[in-house]
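Asker: Here are the chains, one letter per residue:
Number of protein chains: 2
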Amino acid sequence: MSTRPVIGIFDSGFGGLTVMRSLLRLVPQADYIYLGDTARLPYGSKSRETIARYAVGSARFLEARGAELLVVACNTASALALDALQAEARIPVLGVIQPGASAAAAAAPGSGVLVLATEATVQSHAYARACAEHGLQAYEKACPLLVPLVEEGWTDHPVTEEVARLYLAEAFADARAAGISPTTILLGCTHYPLLQPLLERVLRTHFAGTPVRILDSAEATARVVAQQLAATAGLPAAQPQCSFYATDSVAKFERLGSRFLGQPIGQVQLIDLGG
Amino acid sequence: MSTRPVIGIFDSGFGGLTVMRSLLRLVPQADYIYLGDTARLPYGSKSRETIARYAVGSARFLEARGAELLVVACNTASALALDALQAEARIPVLGVIQPGASAAAAAAPGSGVLVLATEATVQSHAYARACAEHGLQAYEKACPLLVPLVEEGWTDHPVTEEVARLYLAEAFADARAAGISPTTILLGCTHYPLLQPLLERVLRTHFAGTPVRILDSAEATARVVAQQLAATAGLPAAQPQCSFYATDSVAKFERLGSRFLGQPIGQVQLIDLGG
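Respectively, the protein sequence lines represent chains A and B.
Read left to right, the first sequence gives residues 1 to 275 (this note's numbering).
Read left to right, the second sequence gives residues 1 to 275 (this note's numbering).
Just chain A, same shape as in the assembly (with noise of 0.2 Å):
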């Protein structure tokens, strides 16, 4: 590509705005749309056909608007369609996933992988199995509180310390039994890159004698991104252009969008995928 790449991004919510965040800052030469399916949220709770259904109607949305490539910024869509959206779509399709366990084997050849992440993509067991071909062993555990605590705003939070350290402490114990001793935290979804912090000093106060850094599968996706158009990284540098549409509930994607995307959000246009 000789002229600024288009970026088409989908998530079913704003969580994906984290992944976002990372692309803005590795990949300033494109520019962005992003498209919230926030009629149909939370994907976590669905079934894969429809899930599936979803998500290749929100592809063909982007694809439309000028999509080069499309990022699915959520886990659980990662988990669940990505197949159906690289059969269906007509540009090159990215997960989350592969990326995130990618990143974790790179820093620890070999070595035992902790995967924070939503019920619905534990249960998928899609991080396990990209762990897996990674040569990494990785035990996956469910945070269902963490994104209410992220959306009510309690990033830093005595009680979201208290939730991180039970959940983690339960997370340790079933990881030793199952004969995993995890090195690496894996933050598998998208609104947890906000816990980090957090997660770090639960880490240092309550498991120091477990030395373990922290990853996120939005960093490592947006890397991915930046290598593949990394023929495009020499054009003049320009503020991205950055269009946001939500299938409804704008109003909740405009005011909590911002803290996940580190910067003022503009206007959210709302738009009607059908459903």
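The hints are simulated quantities; they were obtained by calculation from the structure and are not laboratory data.
Just so it is clear, CB atoms sit at the ideal spot from N, CA and C, and this is done for glycine as well.
It is possible that part of the hints are untrue.
[As the list claims (entries may be wrong)] Far from chain B, by Cβ distances over 10 Å, these chain A residues were calculated:
| hint | residue |
| --- | --- |
| 1 | Thr50 |
| 2 | Gly110 |
| 3 | Ala238 |
[Said to hold, decoys possible] Pairs of lysine to aspartate or glutamate, EDC-like flavour, derived with a Cα cap of 20 Å:
| hint | chain 1 | residue 1 | chain 2 | residue 2 |
| --- | --- | --- | --- | --- |
| 4 | B | Lys141 | A | Glu152 |
| 5 | B | Lys252 | A | Glu119 |
| 6 | B | Lys141 | B | Glu119 |
We have chain A already, so just place chain B on it with the hints.
Answerer: Here is chain B on its own, set in the frame of chain A:
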């Protein structure tokens, strides 16, 4: 009705099973059809038009299955779609908000009420309006973490106690700042009855000087149904026949449902309402 009435119960998920639990106790002479629109939950993040469309579709399904009375056991749908449902349905439709407000007025006429509910229900101000119609001043407090805490099974957990303490402290302070001194707490979310023992303990421990009773809309709604069906109360006692339908994610419904219903839940049948 001289035969056993058939009551249709509709919710966006399985939370409305707390309403059904109260109904089974107070109206055992009826049979029940429960529909959880799990494919499209949560309603809380969706627009009024979308919720009304979903709710009307669900009402039609329950009518077609023989329901003679429709209980909207979903605070969000009661707040945003009761008018549409009453206009479209051919059977009587009862929501949970009016009965809740009415019960609060009966318990303490002219008093202050603290309504605990989800963000969507609070934003609709449906409880404040219904309470005002009954001569009550209501302060509505959104408690977004309580649903995920209940679904995590932490209904008797120190973290939930601390979250409840924080929410109640904020709510009492904000209510007083608004000139309202609550003597009644109204649980305006179908998940919250499972927290009533914990909330009573938190009130005793941390708010001993605040004499407050807890009422819940689920119980209040069941009492209204019992009154409406009083003519059938003498029907021969028999075990109510109960059917359960969901539009997706039957597994979670079956796993968590029995806790909400207070008794084992039978098989949940998956149906497709489109969308």
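Asker: In ascending order, which of the hints set out earlier in this document are inconsistent with the structure?
Answerer: 1
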